[in-house]
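Chemist: Each chain, letter by letter, is given below.
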Amino acid sequence: MSLGDVVASALILTGVALSITAGIGLHRFPDVFARMHAATKPATLGLVLVLAGAAIRMDQRGDVAKLLLVMALQFLTAPVGAHMVGRAAYRAGTELSPTTSCDELARDDAAGVHGREEAPHDGG
Amino acid sequence: MILVTSVALGGVVVAGLLCLLRLLRGPSLADRIVALDALLVLIVSGIAIDAARTGEGTYLEVLVVAALLGFVGTVNVARFIERRGA
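Chains as they are written, first to last, in this note's numbering: chain A, 1 to 124; chain B, 1 to 86.
Since the hints were made in silico from the structure, they are not lab data.
Quantities reported herein were computed from a predicted structural model and do not represent experimental measurements.
Now the in silico label distances, taken between C-beta atoms and shown as ranges:
{"no.": "1", "chain 1": "B", "residue 1": "R84", "chain 2": "A", "residue 2": "A111", "range": "24 to 30 Å"}
{"no.": "2", "chain 1": "B", "residue 1": "V64", "chain 2": "A", "residue 2": "G4", "range": "21 to 27 Å"}
{"no.": "3", "chain 1": "B", "residue 1": "G10", "chain 2": "A", "residue 2": "P30", "range": "27 to 33 Å"}
{"no.": "4", "chain 1": "A", "residue 1": "H83", "chain 2": "B", "residue 2": "V14", "range": "25 to 31 Å"}
{"no.": "5", "chain 1": "B", "residue 1": "R79", "chain 2": "A", "residue 2": "Q60", "range": "36 to 42 Å"}
{"no.": "6", "chain 1": "B", "residue 1": "F80", "chain 2": "A", "residue 2": "A106", "range": "21 to 27 Å"}
{"no.": "7", "chain 1": "A", "residue 1": "L68", "chain 2": "B", "residue 2": "P27", "range": "34 to 40 Å"}
{"no.": "8", "chain 1": "A", "residue 1": "H83", "chain 2": "B", "residue 2": "I43", "range": "20 to 26 Å"}
{"no.": "9", "chain 1": "B", "residue 1": "R84", "chain 2": "A", "residue 2": "R28", "range": "24 to 30 Å"}
{"no.": "10", "chain 1": "A", "residue 1": "G112", "chain 2": "B", "residue 2": "R84", "range": "23 to 29 Å"}
{"no.": "11", "chain 1": "B", "residue 1": "T54", "chain 2": "A", "residue 2": "A111", "range": "56 to 62 Å"}
{"no.": "12", "chain 1": "B", "residue 1": "R25", "chain 2": "A", "residue 2": "R87", "range": "22 to 28 Å"}
{"no.": "13", "chain 1": "B", "residue 1": "E56", "chain 2": "A", "residue 2": "A111", "range": "54 to 60 Å"}
{"no.": "14", "chain 1": "B", "residue 1": "V64", "chain 2": "A", "residue 2": "D109", "range": "39 to 45 Å"}
If we take Cβ atoms under 8 Å as the criterion, some of the chain B residues that face chain A in the derived model are:
{"no.": "15", "residue": "V4"}
{"no.": "16", "residue": "D37"}
{"no.": "17", "residue": "V41"}
{"no.": "18", "residue": "T74"}
A virtual CB, placed ideally from N, CA and C, is assigned to each residue, including glycine.
With the hints as constraints, model all of the structure from the sequences given.
Modeler: In structure tokens form, the structure reads like this:
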């Protein structure tokens, strides 16, 4: 095994360990918002590490470019997607876990800072 | 490399089973879409690990398409939840 292979193996194994962490969190966390945390952050970092490990192993420059493209796409789309799912889940009235310590959005709604009614409704 | 990627693919399978469990148990539609999103990320990692194993880049286009389609699907289901309720 060359040095590149060793580095690639370490990156891939670390990434997979993070993916397993994400799976465990997804399974054990109490409500949608906590699960979203598990499914978005460690999973994204795990995927990026795996893609970096694979990129080290690739010979062709085009293959490396495709892997970097997927990395960039993941970094751009994961926060947007998680944000939209979280907003939709909150607006649809998903129950928060009883252990939630602070719901600032509900407090602001009650104080009329920016009520749910006033939120712009994108027609769709 | 074969041994390392075999272990890595096994780990991806374990993580995928945990995601599938959450997908089955729900309870809300938002939980399911979060689990599906994580599952798609795992599929992308699996294909990347396979590419690293064989050193062959034939399937890397699939990664780009899967990453984009997953985003579009997640956003659309989020909009659906927002209109219909969880």
